[in-house]
Amino acid sequence: MTLAAASGDAAKVFLEIGALALVLAILARVAGRFGFTAIPLYLLAGLAVGEGGVFPLDLSHQFIEVVAEIGVLLLLLALGLEYSAVELRHGLRTGAATGVFDAAVDFLPGFAAGLVLGWSTPAAVLLGGVTWVTSSGIASKVLTDLDRLANRETPVILNLLVFEDLAMAVFLPVASALVIGRGLDATAATIAVALATLVLIMVLALRFGARLSAFLNRGSDESLLLAVFGLTLVVGGLAQEVEVSAAIGAFFVGLALSGPVQQRAGALVGPLRDLFAAVFFVFFSFQIDPATLLHVLAPAVALAAVGIATKMATGWFAGRRAGIGSSGRRRAGATLAARGEFSIVIASLGVGLRDGRDLGAVAAAFVLLTALAGPIAARFADRERSRSDSRDPTEAVMGS
Amino acid sequence: MSSDIEETLLPGVGVRHEFTTASGERVALVTHRTGRRELAVYDRDDPDACRTVLHLSEDDTTTLGELLGLSLGS
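Sequences listed follow chains A and B, in order.
For the first sequence, the working numbering assigns the number 1 to the initial residue and increments by one for each residue that follows.
For the second sequence, the working numbering assigns the number 1 to the initial residue and increments by one for each residue that follows.
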């Protein structure tokens with residue numbers, strides 16, 4: 001890192017990063033004002049400052065890249081911190097049937113689209129992953145914003161999110177092994193090692209998680225933050241070393257922490273994650289040439305339409321299994337429709353591929369469209385009910 | 001306990017407890033891990049959705065608990 005090598009350089013870098021952060025602050029505020037996630041806006045900001053953008057910035061790649069990678073680790077760490085071991089087991093059990101349906105129905109559109117676009121198999125698999133995973137961040141925000149946490153379809157949604165997140169723990173290493181692609185035997189060996197390591201990390205996390213949590217909980221906030229941050233990078237680094245994907249290592253660090261320390265770490269890591277993850281999203285689209293984006297816009301729009309329809313189908317299937325009525329099934333599907341952070345993480349694995357540029361552009365456009373349309377659809381999914389309610393004026397007042 | 005309380009795990013959020021009041025209204029209490037709570041009454045037309053949701057901070061919950069306890073005693 002040669003950031004501060006010359007003071008003139010440092011001044012320029014500070015100005016550029018500072019200005020960018022201020023723009024992101026405004027975007028986050030706008031997003032908050034209208035009640036949607038800032039991720040699509042961050043992606044747009046990245047496009048604007050990237051090559052061929054409106055205000056191309058000369059950001060030191062190496063520095064930004066490391067910050068962006070840390071952003072991914074913190075995103076996954078925070079996700080892991082959301083769940084306790086009991087919730088994981090419960091989610092895995094109750095979400096399994098829906099999870100398998102979801103995996104099949106929502107992976108296929110992306111995978112097929114990749115093949116139709118003439119991409120290599122690994123790139124198509126990554127696009128399958130992009131269309132598969134719901135943004136748990138957006139889904140839980142939608143549930144909170146629309147006051148639907150007590151709704152009966154909500155546990156169905158949340159259990160499916162748990163299942164998807166765990167499925168990613170297997171998908172990410174497999175996908176990265178495919179991306180490295182050293183022939184069938186070597187790929188199979190890489191995947192085997194990755195999965196064995198994964199099981200090892202999981203056993204260690206569940207076995208020693210409680211002891212580790214109790215030990216960490218004794219320290220001050222400052223030492224806890226540093227310890228969790230350090231642990232995340234070390235486990236992530238080790239996982240990356242055996243090609244498991246650093247992100248999954250970070251996820252398991254989050255899972256390992258339980259009890260009071262889980263709460264504390266979550267509160268401490270939150271702001272840090274917001275900062276680093278914003279850099280990750282900006283950097284991701286920073287690398288996309290807007291010209292490529294325009295080029296893939298038509299397939300991306302079609303894919304978004306299909307991707308929203310397949311999530312609606314998942315919501316319908318999941319809701320029906322749980323005995324939820326048709327309005328609830330529609331709400332569940334629409335809540336699941338938004339893709340976000342995970343899709344971008346998956347697409348970023350393919351940066352080095354031949355079709356990596358197209359993949360990045362399709363993924364960015366797909367996430368942009370579904371992340372904006374999903375929450376709107378979720379709000380709208382209830383419209384039919386309130387319209388039928390409004391025949392009775394007292395009911396309409398109560399329902400609002 | 002006079003009525004059956006049903007408990008549902010909400011992964012990443014907390015727990016939901018539900019019961020039916022004597023007059024037949026279905027009521028749920030969502031307890032977030034952060035201590036925040038939501039008291040919800042289900043809709044009669046769409047039993048999966050809520051008609052009213054009341055957001056309670058930890059202090060609010062204490063206040064409401066005291067009020068309910070008070071009225072019970074008087």
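Since the hints were made in silico from the structure, they are not lab data.
C-beta: ideal position from N, C-alpha, C; glycine also.
Please note: incorrect hints may appear among the correct ones.
Claimed, not checked - Label-pair ranges, simulated between beta-carbon atoms: (1) T52(B) - F215(A): 26 to 34 Å; (2) L64(B) - D289(A): 53 to 61 Å; (3) G65(B) - A192(A): 49 to 57 Å; (4) P290(A) - E7(B): 38 to 46 Å; (5) V234(A) - G65(B): 42 to 50 Å; (6) E7(B) - P271(A): 31 to 39 Å; (7) I376(A) - L68(B): 21 to 29 Å; (8) R33(A) - G65(B): 47 to 55 Å; (9) L68(B) - A96(A): 38 to 46 Å; (10) R44(B) - V234(A): 51 to 59 Å.
Status of each hint after checking the structure:
1. T52(B) - F215(A): 26 to 34 Å: 44 Å, violated
2. L64(B) - D289(A): 53 to 61 Å: 57 Å, holds
3. G65(B) - A192(A): 49 to 57 Å: 55 Å, holds
4. P290(A) - E7(B): 38 to 46 Å: 51 Å, violated
5. V234(A) - G65(B): 42 to 50 Å: Holds - the Cβ-Cβ distance for V234(A) and G65(B), about 45 Å, lies within 42 to 50 Å.
6. E7(B) - P271(A): 31 to 39 Å: Because 33 Å falls inside the window, the suggested range holds.
7. I376(A) - L68(B): 21 to 29 Å: 39 Å, violated
8. R33(A) - G65(B): 47 to 55 Å: 35 Å, violated
9. L68(B) - A96(A): 38 to 46 Å: 40 Å, holds
10. R44(B) - V234(A): 51 to 59 Å: Once the Cβ atoms are compared, 55 Å apart, the range 51 to 59 Å for V234(A) and R44(B) holds.
Against the hints set out earlier in the document, violations occur for numbers 1, 4, 7, 8.
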